[in-house]
Structures are given as structure tokens and as C-alpha cells.
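Visitor: Hey, can you work out the whole structure from these sequences and the hints?
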Amino acid sequence: MLTVKVRKTELENGDIPSLCMICGQKEAETKVPFVARKMVFPLGVLGILGKYMTPRKYEMSVLTCGECKSPFIYEQTLSNIWLSLRLLAIVALFYVIVADSENAPANLLIPLIIVFSTVLLETVYFWTIGRKNAVRISSIDEQSVALDLPNEGWPAAYTKHRREKETAHHRQRSTGSMIPPG
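Going by numbering that gives the first Met the number 0, the sequence shown opens with residue 0, and the numbers climb by one from there.
Worth double-checking, as some hints may not be accurate.
[Said to hold, decoys possible] Derived pair list, reagent style DSSO-like, types lysine-lysine, alpha-carbon separation capped at 30 angstroms:
{"hint": "1", "residue 1": "K164", "residue 2": "K7"}
{"hint": "2", "residue 1": "K7", "residue 2": "K30"}
{"hint": "3", "residue 1": "K131", "residue 2": "K56"}
{"hint": "4", "residue 1": "K25", "residue 2": "K7"}
{"hint": "5", "residue 1": "K25", "residue 2": "K164"}
{"hint": "6", "residue 1": "K30", "residue 2": "K4"}
{"hint": "7", "residue 1": "K164", "residue 2": "K56"}
{"hint": "8", "residue 1": "K30", "residue 2": "K56"}
{"hint": "9", "residue 1": "K7", "residue 2": "K159"}
{"hint": "10", "residue 1": "K68", "residue 2": "K30"}
Read the hints as simulated data drawn from the structure, not as lab findings.
Guide: Listed below in C-alpha cells is the structure:
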């Protein structure tokens, strides 16, 4: 996965390359709504609850080609399912501790197995299958969003697009100042 830092104003104005963000090779055909969230670790542990509690989020659209749209939506759905399972596993763990505190050590085995299994399976999914169709967020600040993309094509196209735009802007400024008043 490659990380590219995209300005929020460019995302809002659609001033980005019209290339699929998932495969990085084909022209984008659709914009899929996506809420970029950067979860802090304690909120991430809470799963789906932490996902909606996190303050760092930004609504944007992910450009996809026809072939990558369904896998991207599928990955987003699976991400929500993993967050829900993680929350249920933690709630089950706390329920055993609170509901039957006298026999808690004996009753903790099954909830601990569920928590461990969920974390293990989600980790394996996150680093293997989920990587090829995911757009992940490494940071969000006031001006930009850092996207982790599964390809090299879109970050290269974005960097080239940005350089061309800045070069054109500098040329316009430098030629504009040479014109005599009058």
C-alpha cells in the first residue's frame, strides 16, 4: 500500500486524476461515497461504537472503475461486520465479568476465545485479502487526508497532476508580472 496525502479542497472540487483509486490503471467510472475515519486505538477496540464516536472523519468519494466498485463496497461491508463482531465480543466479555462475578474466571474462557478469534481473523483479513480492495486512512488533519491505496498508479498520477497544476500556476504568475501596465 502506498500513502498519498490529498488536500481536502482538491477532493471537494473534484480536482484529482480521473483514475480508479483501487486498481490505479483504468479510468474511473463511478464515485463511491466513503467516510474516511482515523480511529484512535481505544476507540478502535470498541469496534462499531468506536467507529461512530471518533471525531476525526471526513466524507469523500472514492473513484472506482466498473470492476473495482463491487470489491471496494464488499470490503467496506466486511470492515463494518468486523467492527460489529469486535464490539459484540467485548460486550460478551464484560457481561460475563459483571453478571456473574463469583464464577467469572471459569466463565471467561468462551468470551476470551471469541475475542481472541475475532482479533486474529480480523488481523489476517486486514493484512491479506482486505488490502487489495481497501482505501485506508493513515492521518487526517485540517488541510489534508492521507490515503493508503492498494496500487502505485493513482498516487503517481496524483503527484504528476499536482506538479503540472503548480507549474502552470507558477508560469501564469511569472508571465503575468512581466506584462507592462497600460
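Visitor: Evaluate each hint against the coordinates.
Guide: Hints, one by one, checked against the model:
Note on K164 and K7: the hinted pairing holds, with a Cα-Cα distance of about 16 angstroms set against a maximum of 30 angstroms. Of the pairs offered as hints, the one joining K7 and K30 holds, with about 16 angstroms between alpha carbons and a cut-off of 30 angstroms not exceeded. Between the alpha carbons of K131 and K56 the distance comes to roughly 22 angstroms, so the proposed pair stays at or under 30 angstroms and holds. Among the hinted pairs, K25 with K7 is consistent with the structure: their alpha-carbon atoms are about 23 angstroms apart, no more than 30 angstroms.
Between K25 and K164, the direct Cα distance comes to roughly 22 angstroms. Compliance with the 30 angstroms bound is thereby established for this hinted pair. The hinted pair formed by K30 and K4 meets the criterion: a straight-line CA distance of about 19 angstroms does not exceed 30 angstroms. Between K164 and K56 the CA atoms are separated by roughly 27 angstroms; this keeps the pair inside 30 angstroms, and the hint holds. Restraint check: the Cα-Cα separation between K30 and K56 comes to about 18 angstroms, which is no more than 30 angstroms; the hinted pair holds.
As the CA atoms of K7 and K159 are separated by approximately 18 angstroms, the hinted pair is consistent with the 30 angstroms bound. Using a Cα cut-off of 30 angstroms, the hinted pair K68 and K30 holds, with the two alpha carbons roughly 9 angstroms apart.
In summary, this structure violates none of the numbered hints.
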